[in-house]
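These protein sequence lines are chains A and B, in that order. This note's numbering puts the first residue of the first sequence at 1, with every later residue one more than the last. This note's numbering puts the first residue of the second sequence at 173, with every later residue one more than the last.
Be careful, since some hints might not be right.
Not the full set, but computed from the structure, chain B residues with beta-carbon under 10 Å of chain A [said to hold, decoys possible]: (1) Gln-304; (2) Asn-346; (3) Leu-350.
Derived list of chain A stretches under chain B, where covered just means 3 residues or more per stretch with a C-beta under 8 Å from a C-beta of chain B [as the list claims (entries may be wrong)]: (4) 25–38; (5) 156–170.
Hints listed in this document are in silico derivations from the structure and should not be mistaken for laboratory results. Ideal placement from N, C-alpha and C gives every residue a C-beta, glycine not left out.
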Amino acid sequence: MPGAPAPSKIRRPQHEEDGGVKITSLMDMMVIILVFLLKTFSTQGDLSSSAANLVLPHSNVKDRPGMVDRVAVGQDLIYFLESEVMSTPDAIAEKTRNYFIPTLLAPMKARIAEIIEMDARAGRDNPDPPKIVILAHTQHLYSLIEGVVATAGQAGYQDVSLAALQDLRKWE
Amino acid sequence: MAFPPSKSRRGGKDKDPGEDHLIPIMNLMVILIPFLLKAAVFVTTVALQVTLPASSAGGSGDSGGGDNRVLMVSVNNENGFAIINEGAVLEYPKVTDSNGNKVFDFEGLSTKLDEIKTLYYEDHNEIYLGVQPDVLYADVINTMDIVRGETNSLTIESEEQAALYDSAVGTRVNVYSLFPNIIFGAAIAL
Chain A
1 MPGAPAPSKI RRPQHEEDGG VKITSLMDMM VIILVFLLKT FSTQGDLSSS AANLVLPHSN
61 VKDRPGMVDR VAVGQDLIYF LESEVMSTPD AIAEKTRNYF IPTLLAPMKA RIAEIIEMDA
121 RAGRDNPDPP KIVILAHTQH LYSLIEGVVA TAGQAGYQDV SLAALQDLRK WE
Chain B
173 MAFPPSKSRR GGKDKDPGED HLIPIMNLMV ILIPFLLKAA VFVTTVALQV TLPASSAGGS
233 GDSGGGDNRV LMVSVNNENG FAIINEGAVL EYPKVTDSNG NKVFDFEGLS TKLDEIKTLY
293 YEDHNEIYLG VQPDVLYADV INTMDIVRGE TNSLTIESEE QAALYDSAVG TRVNVYSLFP
353 NIIFGAAIAL
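Bound conformation, chain A alone:
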């Protein structure tokens, strides 16, 4: 019939007619993602997540902090063992008046007493010395960090570390 549209000769792909989707390639992609995520899996989590407004400096060291007590010196607040202890400006003011930070010293001493009691209850003759890691904001002045380190030492922590983000290419 003149004017009537001619039937299309182009054949549609077979799978579209079936309405199914090939999932083998999707599976391949999923396996790659799964392997990558398993490599980055951690049960310890990120140490720096506890304190808000905290940007750690970068370092090329490889030593991991492990499961130890931690104090986070954020831009606005200071946390000890995940609990807010005081504001950072107050800590700076206390550090100016004393060599230590008395408000931070009290909970640290209580924690050390708790560790000693736990070791005694467990019957440990030569327990590991109490350890602490200090997470401090990269733009703080050393004066404040020195105060926190000195306070930890005064409380009884014998193994003090400073936390940083690993950057092995830092000096390249």
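Go by the hints and put chain B onto chain A.
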């Protein structure tokens, strides 16, 4: 009686029966991936160990082997670095970077400490770090990186190595090329 056509002759019209078995695995993956994404850590936090001075917390300060020589790096926000060794002072003032800012001369400090370690302090691991209160924490960490030197991982293979690095045989330790034991002390005004 006519028989229906065999399944194998129907070509690609049906799905591959093997793909049906992948669907439960896909379901498992879809559950696993959000869980792993939540638990993934893309940045690694590391710890830089410091030794407290003897007066505040009983820090070691032991040079080992009866050698009481003390090497110190002083960090001053205005004057830059100073290496103090047996009364001699080597100064490394701040340098101007490409943006015109005054920055610490980390490269100069690294080169000199490497030389000092090789010539005079081969068996020493300790160094005092005296930092002025107004120095930025980031610069303190950078200085500690330089003072420790390059890091290499080493597997302890013998009892002698185990005694040297205070670790068990078979464990991996990080070995630093310069002075890994950093003792915080007071800065000296030059």
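**Request:** Check each numbered hint from earlier against the structure, then list the numbers of those it violates in ascending order.
**Result:** Checked against the structure, the only hint that fails is number 3, while the rest are satisfied.
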